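> This is what each chain is made of:
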Amino acid sequence: MSPTRRDFLKTGLATATSLGFLDGASSAMAAVQAPTLAPPSADPLAIEVASAALDAARRAGASYADARVGRYRRQIVTTRERQVVNVGDDESFGLGVRVLVDGSWGFASSSEVTRAGAQQAALEAVVLAKAARAVRRHRVELAPVTAVRGTWITPVRKDPIEISIEEKIALLLKANEAALKVKGVQFVSSGVQALREIKTLLTSDGTNVTQTFIRVGPAFSATAVGNGDFQSFSEALPPRGEGWDYVESLDLPGNAERWASMAVEKLAAKSVEAGTYDLILEPSNLWLTIHESIGHATELDRAIGEEANYAGTSFVAPPEKTIGTLKYGPPLMNIQADRTQPGSLSRVAWDDEGVPAEQWLLVERGIFKDYQTTREQAARIQKLTGVARSHGCSFADSWQNVQFQRMPNVSLLPGEQDVSLAEIIAATDRGIVIKHDGSWSIDHQRYNFQFSGQAFYEVRGGKIVGMLRDVAYQSDTPYFWNAMDMIGGKSSYWMGGAFNDGKGEPTQINSVSHGCVPARFRNVRILNTARAS
Amino acid sequence: MSATLLSAEEARALADRVLTLSTADATRVTIVSSKSGNTRFADASISTSGQLANTSVTVAVTIGRRRASATTNALDDASLKRTVDLALRLARLAPEDPELMPELGPQRYTSVPAFVARSADLDPEARATAVRRAVDAANAAGRQAGQIFSAGFLEAEASAIAVANSTGLFAYHRATSVDFSVTARTPDATGSGWASAGSRDWNTVDAAAVGRIAAQKAVASRSPTAIEPGPYTAVLEPQAVTDLVPLLAPALNARTADEGRSPFSKPGGGTRIGEKVMDERITLYSDPGDPMLLGQPFDNEGLPLRRVVWIEKGVLENLSYSRFWAQKQGKEATGNALAGGLAMTGGTKTTEELIAGCARGILVTHFFYIRSLEPRTVLQTGLTRDGTFLIENGKITKALKNFRWNESPLLMLNRLEEIGRPELTTAGRLMPAVRVSRFDFSSLSDAV
Chain A
1 MSPTRRDFLK TGLATATSLG FLDGASSAMA AVQAPTLAPP SADPLAIEVA SAALDAARRA
61 GASYADARVG RYRRQIVTTR ERQVVNVGDD ESFGLGVRVL VDGSWGFASS SEVTRAGAQQ
121 AALEAVVLAK AARAVRRHRV ELAPVTAVRG TWITPVRKDP IEISIEEKIA LLLKANEAAL
181 KVKGVQFVSS GVQALREIKT LLTSDGTNVT QTFIRVGPAF SATAVGNGDF QSFSEALPPR
241 GEGWDYVESL DLPGNAERWA SMAVEKLAAK SVEAGTYDLI LEPSNLWLTI HESIGHATEL
301 DRAIGEEANY AGTSFVAPPE KTIGTLKYGP PLMNIQADRT QPGSLSRVAW DDEGVPAEQW
361 LLVERGIFKD YQTTREQAAR IQKLTGVARS HGCSFADSWQ NVQFQRMPNV SLLPGEQDVS
421 LAEIIAATDR GIVIKHDGSW SIDHQRYNFQ FSGQAFYEVR GGKIVGMLRD VAYQSDTPYF
481 WNAMDMIGGK SSYWMGGAFN DGKGEPTQIN SVSHGCVPAR FRNVRILNTA RAS
Chain B
534 MSATLLSAEE ARALADRVLT LSTADATRVT IVSSKSGNTR FADASISTSG QLANTSVTVA
594 VTIGRRRASA TTNALDDASL KRTVDLALRL ARLAPEDPEL MPELGPQRYT SVPAFVARSA
654 DLDPEARATA VRRAVDAANA AGRQAGQIFS AGFLEAEASA IAVANSTGLF AYHRATSVDF
714 SVTARTPDAT GSGWASAGSR DWNTVDAAAV GRIAAQKAVA SRSPTAIEPG PYTAVLEPQA
774 VTDLVPLLAP ALNARTADEG RSPFSKPGGG TRIGEKVMDE RITLYSDPGD PMLLGQPFDN
834 EGLPLRRVVW IEKGVLENLS YSRFWAQKQG KEATGNALAG GLAMTGGTKT TEELIAGCAR
894 GILVTHFFYI RSLEPRTVLQ TGLTRDGTFL IENGKITKAL KNFRWNESPL LMLNRLEEIG
954 RPELTTAGRL MPAVRVSRFD FSSLSDAV
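Here the protein sequences line up with chains A and B, keeping their order. Reading the first sequence from the start, the letters are residues 1 to 533 in our numbering. Reading the second sequence from the start, the letters are residues 534 to 981 in our numbering.
Think of the hints as simulated: they come from the structure by calculation, not from any bench. Hints are supplied without guarantee of correctness; some may be wrong.
[What the hints assert, rightly or not] Subject to a maximum C-alpha distance of 30 Å in a straight line, what follows is the list of computed DSS-like cross-link-like pairs (lysine-lysine):
| id | chain 1 | residue 1 | chain 2 | residue 2 |
| --- | --- | --- | --- | --- |
| 1 | A | 181 | B | 614 |
| 2 | B | 934 | A | 327 |
| 3 | A | 158 | B | 614 |
| 4 | B | 568 | A | 183 |
| 5 | B | 934 | A | 321 |
| 6 | A | 270 | B | 799 |
| 7 | A | 130 | B | 934 |
| 8 | A | 181 | B | 799 |
| 9 | B | 934 | A | 174 |
[To be verified] Per label pair, the in silico range of CB-to-CB distance:
| id | chain 1 | residue 1 | chain 2 | residue 2 | range |
| --- | --- | --- | --- | --- | --- |
| 10 | A | 139 | B | 633 | 25 to 35 Å |
| 11 | B | 950 | A | 522 | 48 to 58 Å |
| 12 | B | 970 | A | 226 | 26 to 36 Å |
| 13 | B | 721 | A | 382 | 21 to 31 Å |
| 14 | A | 382 | B | 950 | 19 to 29 Å |
| 15 | A | 274 | B | 885 | 53 to 63 Å |
No experiment lies behind these values; they were computed from the predicted model shown. No residue lacks a Cβ here, since even glycine has one placed at the ideal position from N, Cα and C.
From just these sequences and the hints, can you work out the full model?
Okay, structure coming up:
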């Protein structure tokens, strides 16, 4: 019952249509605003040193090599109350060379971006690959890829790195001032991170691409103190692959008072009674549950044990017993992976192996269909999926580190009916609504998880009757997703995300977005996290 | 690892180049020079191996009461000037910092011998040989269960850090660390075991022993039994204690306590210094000069770090004071004292003796995915992993399914039954096994 490649492509096309509204929204905005920035051309120095690395690797015996030259710029501003805590600007420039010798990998990096530095790194990588042959049961085989040349930039109107620090600080302090007007609010923190990464990739297959990635991540949190207690509220301000225009659109100064008052409201909230409830998760909470219980569970490196010593393996394994048969959830559940969605964090034109970005279904009508793959991994499940190529999930977080399989955007597609959050609440007799993400933890095979949130509301007879606190939900991934019985429609779609997803040894971070709609889960265990000391 | 670290002289020369470029009222330069080599393996095959080297320079400038910093890893004159100019520009834009402290003048530091050349020089062949030994030992120890799946990571790192400023301070320290860990899984996918060794000195790492212990735990943990979740006596191996106890660090911050946001806040104001906060057998300290810890002897401002006893025989003795908060409260600054390592002492027994003294309880190898639930009680959630066993009448009797737990290291150390002798679990961490009562194992996990 394995799907054929033709079936798979049909599915992919159908999905593209279903998400078309996102692209439509984006282009409608483009019509009335300034044009997006043009991609800068490749730095001739980067091309020269990367070429030198490939030549050196080939001469030293590599059957395949790739060289990445990266220039990373990260700016961070953090504030508390009426002062600036930190203003920092970090620039990092270097190159990484990966080689394949007799079916074993070696990788070396250097901050010396010269022909000599590149050649030295290539030779060191070959020494590493040769040493690795001593402990080997499998030879690395790479899936085919068509060589590509080009440049690309995240579509933005205002590069956040070019916005003055003065403007950033003024925005944050204005937001803090508004929050401090709320009676009971004693502590406020806010911040913004801006990133710009320029990456040139050359491979011995002939690929030569330069991409500029732009990302921003604002943050806001307020703490209220009263009655010998304190409560904090962090607003959901997801990082995005967008420009400063995105930060402006969030209107931090205009909304801060309302966000801060949530911390005060929490002081008076009723402590939850532990038990079993129907759970209604807003997208600002559900995105992280998707990340942990679906995103990580469908990584092929975890399923085949390559991550066993660190992040763990997966219950979605082995591939031959799960692809096309594992019932992840109900038929209304469709989970899409992609590296193409506008505004998303893992959007690229090509991955770190030169594979073009695409979108595909991980779960279709509740049934598990496919994993996230790189060139090295695709062949391992080709007979099961009918897909010979990589899905383009190779990524390294800097020039210093080797690329490996990282999560693309993984999203819950909207339901066919345009159901709203209010309609889900109205249809629920006894439940809890959870807003925004809080604490999160999940086991190393992605079964048992426990998540919290920022604000919790009790639902009785189809109505919100009050605010709760000390709430966490604990469940088991297969049970949880199969307990989902209502989801929102496309009007309720929202995209969360994170800058800091860690995996691998040495640990690398990945930026990834997750789009989703509100959803209801029946009979979920709720804990009370408060404890007397 | 062919690249070399900056020597003290080279670091001083680089810092002087940067300081000369700055027109700020005060300037601080932090230089981090590092190199590392790593080998990762899975399914008894090296999957990736890499080496990296980098030197970064962070320039923090002060103009009046305004401050900002900029970092670069490009060390040519033009790049350094651009970075200094950027920091100056950012500082002029920043608002005045009411908590700004002046740069420190010249200081005296203890020399801490944390650098071991054989760790810094560990090459790819030596790492591959160590991996081979661990894989072979795992296969031999796990033979009864069939072909053991082993995966692991070996990393050797060397780093040098220098802090210099325009008021004459210069601090330099270099250190190495080596960490090797192995996860072994049985072919029936019902057993998983883990072991590790970490140190500043490669000579103390027994690769074969790490592989053997991981495989023995994997075999012993096959076909685990589910028992009802709930409070049980727990014997936590030193690595499990290393996973939990350092999470007390945010609570040890004096400002958080003074501001009423910590378990060490006194109701009505002030801190709980001088009060008993955990079992009287426990002492918790940081000390860069301790020969077992070999921590960094200064913090990021160049403040010398000394021995700080946080908990002395169960009594809260000290909290961590930044220079600003110390001045405000009339205390002596500790700086970021936790950079000097963390040790928990008070017992002499082995893990085996802690097990032997347990009538009924659960043995935990290590923890996974720990997240804070409640800062007021330091309550955390997380899971057990890679070897969870039932203890009955002083003996391990069966493998157990893993648990999620909700527990606080602070509350747990108030329920201490027994504390073992401290062991070096990784560079800068000296932790014992403990036996505690009523550890809250809250739900079952199917994860192997």
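> Would you mind marking each hint as holding or not holding in the structure?
Hints, one by one, checked against the model:
1. A:181 <-> B:614: Answer violated: residue 181 of chain A to residue 614 of chain B is near 42 Å, above 30 Å.
2. B:934 <-> A:327: Between residue 934 of chain B and residue 327 of chain A the Cα gap is close to 23 Å, so the pair holds against 30 Å.
3. A:158 <-> B:614: holds, 27 Å
4. B:568 <-> A:183: Violated, at roughly 51 Å.
5. B:934 <-> A:321: holds, 23 Å
6. A:270 <-> B:799: Status holds; Cα separation ~25 Å.
7. A:130 <-> B:934: violated, 41 Å
8. A:181 <-> B:799: The given pair, whose Cα atoms are some 27 Å apart, holds under the 30 Å limit.
9. B:934 <-> A:174: violated, 52 Å
10. A:139 <-> B:633: 25 to 35 Å: Given range 25 to 35 Å: violated, Cβ gap about 59 Å.
11. B:950 <-> A:522: 48 to 58 Å: violated, 42 Å
12. B:970 <-> A:226: 26 to 36 Å: Given range 26 to 36 Å: holds, Cβ gap about 35 Å.
13. B:721 <-> A:382: 21 to 31 Å: holds, 27 Å
14. A:382 <-> B:950: 19 to 29 Å: violated, 55 Å
15. A:274 <-> B:885: 53 to 63 Å: violated, 38 Å
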